[in-house]
Structures are given as structure tokens and as C-alpha cells.
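Quick note on numbering that gives the first Met the number 0: the sequence shown kicks off at 0 and runs consecutively.
Accuracy of the hints is not assured; some may be wrong.
Unchecked claim - DSSO-like, lysine-lysine: derived pairs with alpha carbons at most 27 Å apart: (1) Lys110 - Lys120; (2) Lys140 - Lys113; (3) Lys199 - Lys211; (4) Lys83 - Lys120; (5) Lys140 - Lys110; (6) Lys209 - Lys197; (7) Lys95 - Lys83; (8) Lys29 - Lys95; (9) Lys211 - Lys197; (10) Lys199 - Lys209; (11) Lys48 - Lys29; (12) Lys83 - Lys124; (13) Lys29 - Lys12; (14) Lys95 - Lys48; (15) Lys124 - Lys113; (16) Lys110 - Lys124; (17) Lys12 - Lys54; (18) Lys54 - Lys29; (19) Lys110 - Lys83; (20) Lys211 - Lys194; (21) Lys54 - Lys120; (22) Lys140 - Lys120; (23) Lys209 - Lys194; (24) Lys12 - Lys95; (25) Lys29 - Lys83; (26) Lys124 - Lys95; (27) Lys140 - Lys124; (28) Lys83 - Lys113; (29) Lys83 - Lys140; (30) Lys95 - Lys110.
Stated by the list, open to error - FRET-style restraints, in silico, Cβ to Cβ: (31) Thr46 - Tyr192: 44 to 50 Å; (32) Ser91 - Ile128: 28 to 34 Å; (33) Arg39 - Glu8: 25 to 31 Å.
Simulated from the structure, these hints should not be mistaken for lab results. The beta-carbon is built from N, C-alpha and C at its ideal position, and this holds for glycine as well.
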Amino acid sequence: MPQPYTPPEYESKAFNCPLCHAYAQQYWQKVYREAGGSVRELPEYRTSKCSHCNKWMMWYDGTIIVPDVSAAPPANDDLNEDIKSDYAEAASIVGKSPRGAAALLRLCIQKLCKQLGQSGKNIDKDIGILVANGLDVRVQKALDTVRVIGNECVHPGEMDLRDDPDTAGMLFTLVNAIANDMITQPRLREELYGKLPKAKLDGIAARDAKSKVTPEDSGSKPGL
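With these hints in hand, go ahead and build the complete structure from the sequences.
See below:
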């Protein structure tokens, strides 16, 4: 599974900053207003400062209002561009319409299945094949939890009236988790393996070729 993403939470001591994306400690301050010669606290407002990028955010009633940023995790770089576009749109509206964001993210999962060589028509079957090919079974269980698999009422790209911010947040995580398991990690392993010296690669190939020789091939007989 990828590194867990901790979304911004009101008055939380640490989370992934939506400005620099680093998981960092947050410093909170109250907001005051001076009027008529007196100073009074505005309890519905707070400011937070990220210890990593040193940038400030203004919160109102538990929601970030300045700057206009999304609390969603950044998209995996290995996603196709059209998936990234849908993901970015979902991230831009999740605060105002979690149902709309969830609908777009279901579409992202459908497109991601096609990117991974599946049909993209039946997510239930596609995810089953991906699990058989190495997708973390925990991702499948999470998909079942949010009713993406096996839900006869809601299809990719359609809204579910029951979708809430928590469901949308889970779907952001799932899109990235599937891409990480099936694309990013295999790519990184291949890149690291490809950087080995040619002599070492030849030696590994020779070793593997020998390991495939059966007793019959070598002329030896198995013990009685």
C-alpha cells in the first residue's frame, strides 16, 4: 500500500499540507477582530501554519477558505492523462459536492481498469483479475466497503445519494492504491533491476537457466 495520506483536519496537530503535500506539524492560532476600541475573538475562524512550507491557511467553521485548495491527495503520476484530468476535477469539487467527486472517481477506477488491460465494463470482474495479478487484497476489500464492486444501483460515473466526504476520500485513496500496486511499484522494480551491471544481469540469467534444468535434462535419476 502507498504511504498513508492524512487529509487536513480542523485543529489537528499534523496532516498532509494541501499546499506542499508534506506530512507536517501544524501551528494553530485564534483570530481576533478589533472594533470600537475593543478586541474580540472570532471563534468560527482559525489559522494554521505548515511547519514544512511555512504557509498559512484560513479556516472558517472547520473548512479551509483561504487559499482555495483541495484536501484530496495528489494523483499518482503513472495514471493516464485523461484519468488525471477526471481526478483533478474530482479534487476541485469534493469540498462542495462529495457525491459529484465520488461519481468522477468511480469513472477513474473504470478507466484505470482499462489502462491495466481489463475491459473496464465490469469493475467487479476487472478487480477480481487484478487481485489475481497482484493487487493488494486490502484494496479489493476497501472497494467492497464503499460499494464500488457489486453495487447494482450505482455504476461508474453515476451519483449515489449516500456518498459522503468519507466515501469520496476513500475513493481518492483507492485510485492511487491501485495505480501504486499495479503500475508504480512494478515500474520501480524494473528500473532498479535494469540499473544492475550487464555482467551481473548475465550471471543472473545464467543462474536462472540452470535452475530450469530437470533431472532428466541433466541425465541424473531421482533417488528411489
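Checked hints:
Proximity of Lys110 to Lys120 is assessed by CA-CA distance (about 9 Å); at most 27 Å being required, the pair is judged to hold. Under the criterion of a C-alpha separation no larger than 27 Å, the hint pairing Lys140 with Lys113 is consistent with the structure, at around 20 Å. The straight-line distance between the Cα atoms of Lys199 and Lys211 is roughly 19 Å, inside the 27 Å bound, and the hint therefore holds. A C-alpha spacing of about 20 Å is found between Lys83 and Lys120, which places the hinted pair at or below 27 Å, so the restraint holds.
Restraint check for Lys140 and Lys110: satisfied, since their Cα atoms lie roughly 20 Å apart, inside the 27 Å limit. For the proposed pair Lys209 and Lys197, the alpha carbon gap of about 18 Å is at most 27 Å, so the pair holds. About 20 Å separates the Cα atoms of Lys95 and Lys83, which keeps this hinted pair within 27 Å; it holds. The hinted pair formed by Lys29 and Lys95 meets the criterion: a straight-line CA distance of about 25 Å does not exceed 27 Å.
Annotation: proposed proximity of Lys211 to Lys197 holds, straight-line Cα distance about 21 Å (limit 27 Å). For the proposed pair Lys199 and Lys209, the alpha carbon gap of about 15 Å is at most 27 Å, so the pair holds. Proposed proximity of Lys48 and Lys29 is supported: the alpha carbons are some 12 Å apart, at most 27 Å. About 23 Å separates the Cα atoms of Lys83 and Lys124, which keeps this hinted pair within 27 Å; it holds.
Between Lys29 and Lys12 the CA atoms are separated by roughly 15 Å; this keeps the pair inside 27 Å, and the hint holds. Among the hinted pairs, Lys95 with Lys48 is consistent with the structure: their alpha-carbon atoms are about 23 Å apart, no more than 27 Å. A distance of roughly 12 Å separates the Cα atoms of Lys124 and Lys113; the hinted pair therefore holds under the 27 Å criterion. Between the alpha carbons of Lys110 and Lys124 the distance comes to roughly 14 Å, so the proposed pair stays at or under 27 Å and holds.
A hinted pair counts as satisfied when its Cα atoms are at most 27 Å apart, and Lys12 with Lys54 qualifies at roughly 15 Å. Of the pairs offered as hints, the one joining Lys54 and Lys29 holds, with about 16 Å between alpha carbons and a cut-off of 27 Å not exceeded. A distance of roughly 10 Å separates the Cα atoms of Lys110 and Lys83; the hinted pair therefore holds under the 27 Å criterion. Between the alpha carbons of Lys211 and Lys194 the distance comes to roughly 25 Å, so the proposed pair stays at or under 27 Å and holds.
Taking the CA atoms of Lys54 and Lys120, the gap is near 44 Å; set against the 27 Å cutoff, the hint is violated. This hinted pair checks out: Lys140 and Lys120 have alpha carbons roughly 20 Å apart, not beyond 27 Å. The suggested pairing of Lys209 with Lys194 holds, with an alpha-carbon distance near 23 Å, which does not exceed 27 Å. Between Lys12 and Lys95, the direct Cα distance comes to roughly 24 Å. Compliance with the 27 Å bound is thereby established for this hinted pair.
Of the supplied pair hints, the one linking Lys29 and Lys83 is violated, its CA atoms being roughly 37 Å apart against a limit of 27 Å. Our distance criterion of 27 Å between C-alpha atoms is broken by Lys124 and Lys95, whose separation comes to about 32 Å. The suggested pairing of Lys140 with Lys124 holds, with an alpha-carbon distance near 14 Å, which does not exceed 27 Å. A threshold of 27 Å between alpha carbons decides the hint, and for Lys83 with Lys113 the separation of about 14 Å falls inside it, so the pair holds.
Straight-line distance between C-alpha atoms of Lys83 and Lys140 comes to about 24 Å, which keeps the hinted pair within the 27 Å bound. About 24 Å separates the Cα atoms of Lys95 and Lys110, which keeps this hinted pair within 27 Å; it holds. In this structure the hint that Thr46 and Tyr192 lie 44 to 50 Å apart at CB holds, the actual value being about 48 Å. A hinted range of 28 to 34 Å holds for the C-beta pair Ser91 and Ile128, which are about 32 Å apart.
At about 26 Å, the CB distance of Arg39 to Glu8 agrees with the hint of 25 to 31 Å.
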